[in-house]
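> Residue numbers (our numbering), protein chains in the order written: chain A, 153 to 459; chain B, 39 to 307.
Since the hints were derived computationally from the structure, they do not count as laboratory data. Check each hint, because a few of them may be wrong.
[What the hints assert, rightly or not] Listed below are the simulated DSBU-like cross-link pairs for lysine-lysine, each with C-alpha atoms no more than 35 Å apart in a straight line:
1. K52(B) with K294(A)
2. K138(B) with K208(B)
3. K52(B) with K269(A)
4. K294(A) with K110(B)
5. K271(A) with K240(A)
6. K240(A) with K294(A)
7. K45(B) with K271(A)
8. K208(B) with K271(A)
9. K408(A) with K240(A)
10. K45(B) with K269(A)
11. K294(A) with K408(A)
[Claimed, not checked] Here are some, though not all, of the chain B residues that point toward chain A, as calculated from beta-carbon distances under 10 Å:
12. F54
13. F87
14. V118
15. L122
16. R132
17. Y153
18. V155
19. I162
20. V178
21. L185
22. L262
23. V278
Glycine residues also receive a C-beta, built at the ideal position from the N, C-alpha and C atoms.
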Amino acid sequence: MAVQAPSAPTVEAVEGVRVVAGRRRGLVTLGLLSPPVSWLVLFFLVPVAIVGAYSVGALQFFPGDLQLSFANWLHFFHGSIYLSLFWKSVRMSLTVSVAAVVLAYPIAYFLALVVRKRKYVLLLVTIAPFLTSYLLRILAWKVILGDEGLVNSFFYWLHLRSTGHPIPWLLYSQFTVMVVLAYAWIPFVALPMFVALENLDQALLEGASDLGATRWQTFWRITFPLSVPGVIAAFVFVFIPTIGEFVTPLLVGGTKGFMYGNAIADLFGPGFDWNTGAVLALFLLLVTGGLTVLFARFLQWRSVTAD
Amino acid sequence: MDVSTSKNGRRMMKVFFTLFLVFLYAPVLLLLIFSFNSGTSPSFPLQGFTFRWYRELLANHDLLGALATSAKVASGSSLVSVALGVLAAIVLVRRRFIAKPLVTSFLLTPLVIPYVVFGISLLILFQALHVPLSILTVIVGHVVLSLPYTILVLVPRLERIEASLEEAAKDLGASGWRTFRSITLPLILPAIVSAFMIAFTLSFDEYAVASFVIGRQVTYPIYLFSQLRFPTRLPQVIAVAVIVMTASLLVILATEISRRIAERRLGAE
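The whole structure should be built from the sequences, with the hints applied where relevant.
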């Protein structure tokens with residue numbers, strides 16, 4: 153630093169430097185923050201706002217008859233087929249989320265509390281399929297459940313069904329959609345629960361056992377309650393993406409597996425009813441947004457990266 | 039005494055975990071088997087062993103073109119996403135400003151938007167602005183989707199670097215940019231690589247949003263989707279599936295391992 157002793161700065165000068173430095177720092181912060189924030193405003197917030205405008209008729213695909221109306225919304229809530237389709241998707245997605253959470257919990261428990269060696273390697277092995285191509289995993293399930301697939305061939309071979317008469321509900325049904333979705337999401341679901349269990353204070357468990365609690369008592373009264381935030385986060389992380397799902401139903405759902413997301417895609421595509429489509433899209437967004445806000449304190453975003 | 043499980047419980051969980059891994063990997067292994075099966079449709083019983091599909095895919099220009107398009111989209115979007123993610127992460131970790139929680143949640147919202155809604159919204163925006171659909175529009179969309187992930191990978195890494203290192207550099211007269219280049223960047227490089235890989239994989243595999251804003255071009259997932267609905271060259275697709283899956287698994291393992299090694303080394307210093 154400076155070798156010569158500088159003349160003592162006055163209080164005003166120091167204050168002045170501080171204010172200028174503070175202002176400059178503020179500008180730098182703004183400058184650093186504006187590229188990512190404006191990207192999201194322009195390509196995320198604005199598009200969604202436009203959809204909102206369509207949903208109340210403030211924008212029309214065919215210009216001319218611009219008028220603000222909630223008719224589309226009223227129609228949606230009163231006896232349109234879309235609301236019942238929405239509930240069907242909620243049911244399917246709930247089933248998938250519950251199944252995935254219930255199956256993944258023991259996995260998370262095993263990895264976090266039981267395994268001693270190579271914990272992170274096993275965790276990586278569990279999650280890796282989630283990071284490989286989703287469409288390829290669907291393809292694999294088509295091979296398993298198809299008319300000439302693994303399951304049907306097995307039944308033909310056992311002569312439990314005659315060749316050429318595959319089990320009808322195996323492919324192109326709600327069941328198939330739910331199996332494939334659960335398969336796809338289980339690895340991801342294990343993560344937040346793993347993090348919750350991993351961060352558990354081991355001393356609590358030992359304390360409980362020292363005080364004479366059985367393992368089941370320890371689990372139900374200490375381990376499980378403390379892992380609930382992870383369970384809720386896991387649930388929300390599957391429920392939100394699966395409720396708007398439209399690719400899986402298209403590929404393995406047939407007409408029976410049609411979901412709410414498909415209706416949205418159709419209205420903007422072949423159906424060509426942007427105003428109704430916008431209502432459906434915005435409604436879905438409000439539902440998922442509401443859920444996120446409701447459970448926000450349980451969603452440890454960090455757990456997504458498992459760091 | 040082991041508090042978490044009894045001996046039997048331990049054994050049962052091991053069995054459960056093994057079954058789970060079989061459930062997880064069996065479908066993938068099945069694709070591997072069928073990629074060497076000489077029958078033209080992936081069905082049982084298996085026929086002869088062949089390399090034919092691997093050979094033929096090299097002549098399938100639609101497929102190779104789609105792979106190339108996806109590579110372009112994925113590299114473009116992950117570069118932009120990592121650049122924006124670094125800026126955001128530095129500000130979130132190092133700076134104090136008003137409305138920080140609000141800005142943080144806003145930057146992470148794309149994590150919870152249904153892809154179908156986002157894809158359509160983006161399509162409407164581009165149509166309103168008369169922007170022609172191309173791979174650029176897909177890149178724009180994929181940056182939005184991957185930005186939260188890059189931020190989430192970078193923030194914890196930055197938090198573990200002591201701010202005093204950067205302050206020391208500044209006290210010694212380094213400019214903000216110089217400090218970033220010589221101190222911060224080398225230290226967060228492992229996290230930058232992980233962030234890039236995550237953004238790349240996300241984009242390379244993304245179908246829903248791409249299908250709305252791609253226009254006429256075909257990315258690899260879009261090609262795959264068409265083959266899944268109306269299969270004409272399924273065995274070749276399965277062969278490529280095997281290659282892509284193996285490659286992505288290797289890349290994931292390699293980045294994860296190298297990141298852990300790098301972080302252990304940094305931690306030891």
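> Now tell me, hint by hint, if it's right for this structure.
Outcome of the hint check:
1. For the hint pairing K52(B) with K294(A), the CA-to-CA distance comes to about 29 Å; that is within 35 Å, so the pair holds.
2. For the suggested pair K138(B) and K208(B), the alpha carbons sit about 25 Å apart, so the restraint of at most 35 Å is met.
3. Distance check on the hinted pair: K52(B) and K269(A) sit about 13 Å apart at the alpha-carbon level, within 35 Å; holds.
4. Proposed proximity of K294(A) and K110(B) is supported: the alpha carbons are some 29 Å apart, at most 35 Å.
5. For a cut-off of 35 Å, the pair hint linking K271(A) to K240(A) is broken: about 39 Å separates their Cα positions.
6. Restraint check for K240(A) and K294(A): satisfied, since their Cα atoms lie roughly 23 Å apart, inside the 35 Å limit.
7. Only pairs whose Cα atoms come within 35 Å are accepted, and K45(B) paired with K271(A) is accepted, the gap being roughly 19 Å.
8. Of the pairs offered as hints, the one joining K208(B) and K271(A) is violated, with about 40 Å between alpha carbons and a cut-off of 35 Å exceeded.
9. Distance check on the hinted pair: K408(A) and K240(A) sit about 11 Å apart at the alpha-carbon level, within 35 Å; holds.
10. For the hint linking K45(B) to K269(A), the alpha-carbon distance of about 17 Å falls within 35 Å, and the restraint holds.
11. Annotation: proposed proximity of K294(A) to K408(A) holds, straight-line Cα distance about 16 Å (limit 35 Å).
12. A cut of 10 Å between beta carbons decides the hint on F54(B): the least distance to chain A is about 6 Å, and the hint holds.
13. About 17 Å separates the beta-carbon of F87(B) from the nearest beta-carbon of chain A, more than 10 Å, and the hint is not met.
14. Checking V118(B) against chain A by beta carbon gives a least distance of about 8 Å; that is within 10 Å, so the hint holds.
15. With a cut of 10 Å, the hint placing L122(B) at the interface with chain A holds, because the nearest CB-to-CB distance is about 4 Å.
16. Taking 10 Å as the C-beta contact cut-off toward chain A, the hint placing R132(B) at the interface holds, the least distance being around 9 Å.
17. Here the hint on Y153(B) is kept, as its CB sits about 7 Å from the closest CB of chain A, short of 10 Å.
18. Annotation: V155(B) was flagged as interfacial toward chain A, and the flag holds, the nearest CB pair being 4 Å apart, inside 10 Å.
19. Taking 10 Å as the C-beta cut-off, the interface hint given for I162(B) holds, the closest approach to chain A being about 5 Å.
20. For V178(B), the suggested interface contact is upheld, since its CB lies about 5 Å from the closest CB of chain A, less than 10 Å.
21. Interface hint status for L185(B): upheld, as the beta-carbon distance to the closest one in chain A is roughly 6 Å, under 10 Å.
22. Proximity of L262(B) to chain A holds as hinted, the smallest CB-CB distance being about 5 Å (cut-off 10 Å).
23. Because the smallest distance between the Cβ of V278(B) and any Cβ of chain A comes to about 9 Å, under 10 Å, the interface hint for this residue holds.
Violation of the numbered hints given earlier is confined to hints 5, 8, 13; the remaining hints are satisfied by the structure.
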